[in-house]
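Q: Quick mapping for you: the protein sequence lines, in order, are chains A and B. Just so it is clear: in the first sequence, position 191 is 191 by this note's numbering, and no numbers are missing. Just so it is clear: in the second sequence, position 165 is 165 by this note's numbering, and no numbers are missing.
Hints listed in this document are in silico derivations from the structure and should not be mistaken for laboratory results. Computed from a predicted model, the values in this text were never measured in an experiment. Glycine included, every Cβ here is placed at the ideal spot set by N, Cα and C. Careful: at least some of the hints might be erroneous.
[Said to hold, decoys possible] Here are the in silico distance ranges between beta carbons for each label pair: (1) B:E120 with A:A39: 47 to 55 Å; (2) B:E120 with A:P159: 30 to 38 Å; (3) B:H224 with A:G345: 27 to 35 Å; (4) A:G290 with B:G255: 43 to 51 Å; (5) B:T214 with A:G309: 28 to 36 Å; (6) A:S36 with B:L145: 40 to 48 Å; (7) A:T133 with B:T111: 28 to 36 Å; (8) B:D269 with A:A45: 31 to 39 Å; (9) A:T133 with B:N263: 53 to 61 Å; (10) A:P159 with B:K413: 39 to 47 Å.
[As the list claims (entries may be wrong)] Some residues of chain A that are not near chain B, with every Cβ distance over 10 Å (derived): (11) A98; (12) P117; (13) D152; (14) P159; (15) R169; (16) A227.
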Amino acid sequence: MICKPLFRLPAILFLCSTLFLTPTSPTDLAAETSKSILADVQTGAVTIKRIGRMSFAPNGVLLIADIGSGAVVAIETGDTGPVSKLKSRVNDVDKKIASALEVSTDDLSVADMTVNPESGVIYVSAIRKTDNTSTIIKFDANGKLTILDLTDARFVRVPLPVGEGSQIRAISGVEYTDGRVLAAGQSNEEFSSKIFSLPLPLTHGKSGNAFSTETYHVAHGRWETRAPIQSFIPYREGGEDYVVGSFACTPIAKFKVTDIAKDSKIKGTSVVELGSGNRPIDMFTYEKDGKQWLITNTDRFHHEKRPLGPSQYWGVRVDMSYLTSSNINADAARRDVSKQTGPAGIEVVEALFYVRHVAKLNNREMVILRDNKGALDLEVKELP
Amino acid sequence: MKSKSFPNVDADLHFRVSTVPLWLNVIRRMCGPTNERQPHKTTRRLYLVVFLCGCCILTGCPDPPLAPDAPSVFVEQGVAQVSVELVSLGKVGENLAPSEIIIFGPYHKATKSITPMPGEYRYDHDETPSFLTFTPHQRISEDILYAAQELVSGQITEYDHSFWYPDADTTKILICPPDEMELPANHLKFYIHFSRPMRPTESWEHFSLKDLSTGELVPRPFRHIDLWDEQNRRLTLWFHPGRQKTGVNLNEDLGGILIAGHNYQLLIDPEWKTQTGRPLDLSVKKKYAFTVIDADHKQPNPNKWELTPPTADTIEPLIISFGEMLDFATAGKAITTCSSNETLIEFSQQADWDGTRVKIFPSKPWAAGDYTIALNPRLEDLAGNSLERPFEVDLSAEMTDFAQKLTLTFEIKQQVLRN
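Just chain A, with the same shape it has in the complex:
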């Protein structure tokens, strides 16, 4: 009887240890925490017909644009940290990927690059041209390459709703924001572009109450045309959610997320003009010294005739206060194309010359995929 408490104590300690010290795999944890984002998660092989843009949602959920089937695919990667960023530059990334996929670089097409901010792991989407296979390649902190296993994945696939017989055959972006996933797509027939709002949780096989809105652009406050969105990011300002995007014809425009409603029509308000002949590629915002900035990199049409710098690939940062400016459309701020900087708050970023893709790691650093004389290098750089 006297000894009973002595036996009881180890028993309690043992029970506590099983409760609190049982190892939980990152995948289990991610599966648990991503429940609010994904529903009816499938297990097994995920088929991606033609991979395009990618981005990360919370809890290691990788959002993928499957251009080939006009769908958004979300994969629980289980990659939830901790953060361990790339330690040093990885040269010849394209050659390394091509080698891993057993093709030459001529038979490889790199579609996009993104970074998981929760882990620092870099993800590159690529297509092996020889058999049109879509692949996702990961680079860890040591620059070690691994191929994401798509044969045994936890995923959902959400087809973008097709309306009036038109088919969505290009998805120029897929982004998570509070309460929804946004995707911008274009038809391969009529001249139209739509932005889709997919409610959370993303449910396998169901577009649910997803709705889309056509996007328009007004030139000089006069000529209104349908306009495809080239790239975009969600952005919050004054308690209101916005989409900041660039149209194929360059200006940076914004519109309210709440404007994305069934059968409605969105007219983007041009807030910044970067100069003609630039095709924006990636976008993100960051905060530095209490100030919000927008980074975008572009592919310059006019590089051969009117070079801005050493490469057709260049980038700029824009003071986000321009997005709240009352000077819009024809009066929108125009970057001074004759200078590296100007007007105030619009600056060419040296580190973005030659950069094919850029992604935000945190408010201090970005990951860049840079063209190095035809090869591709991966590197973490300081944000300006």
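Since chain A is already given, all that's left is putting chain B on it; use the hints.
A: Coordinates of chain B only, in the frame set by chain A:
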């Protein structure tokens, strides 16, 4: 805009699979279409003719017994024609409706069953027909195995496009709008059809545009976007809209891509590879040329369209002629509904390759009466002006309502019976 017959870029095909004895084939081959790809055909035919002549001599030349013939399938530019020789059906054929003689459609090889496609039957002569021909309403897909069946004997002829286009053959290319057309200066896009799947990435890199009036290549005319169909066999190649839109910076800085009065040539890289890695060959250098006329800012006007009503009790198509070239893809979806007395009619539609007409095929014979068709507001012309709105709207102009008429009516008259 002038129109022209479409170039024959797709090879004519004959395909016949015989499931009857060879000696019967001899008779058939003497009057039926031939298949150039069958090996030793001439030799075999010669032997068999000699054999049959010998039989005739020995037996006092009786009429050779006729047996039902296997149907032949002929495909040109995706349009199939299935024919069967009626004489081989004998008396049985005389009392049968055309649809009881031949059917054609996707073939399920495991079950040996055909899903019949709707289409049109024709006899070669009204009085004493010797051939019955069936033409399905829809173009056939090269990814599907089809078959025709002669229903009297049950003989099946398979048609497998890939069999006739093994990878050693040239990849065929068909462009909409067709060659040698007049296109508006604000023309937006081309549909490039390939006879086999292509490698779909960075497709714009494989095209260039030459201004034949200056001899210069037009710098960066195409939008950098891959817009393919699901099979990677139809590419939508866009001119850069930023240069085709009034007031957009690229248009102001560089001007439009096309200049009215100039002639252009669209060039395709012959080294571009199909999905299986075979480059397109030099034949793709075949000229695809067009002449540019003034920009088109007017919406298509249904009031000016011409409707050719079909005959009652037939499945002839209703033909709508637009009077101009419209966008090929949306022209194929020009009609959203067709109704008579508020009853919806099941139909399929098919646009001509040059986008000047669309044909509406009913699933059942038309009844005499009044019909209403609803038009797809997204139907566009070559410059992106749709029934819904012009491609570019001048907000400073007073006009704000651009919606065109979205319904059309037509009447099918009762056939007058003559005794």
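Q: Of the numbered hints stated previously, which ones are contradicted by the structure, given in increasing order?
A: Result: hints 9, 15 and 16 break, sorted rising.
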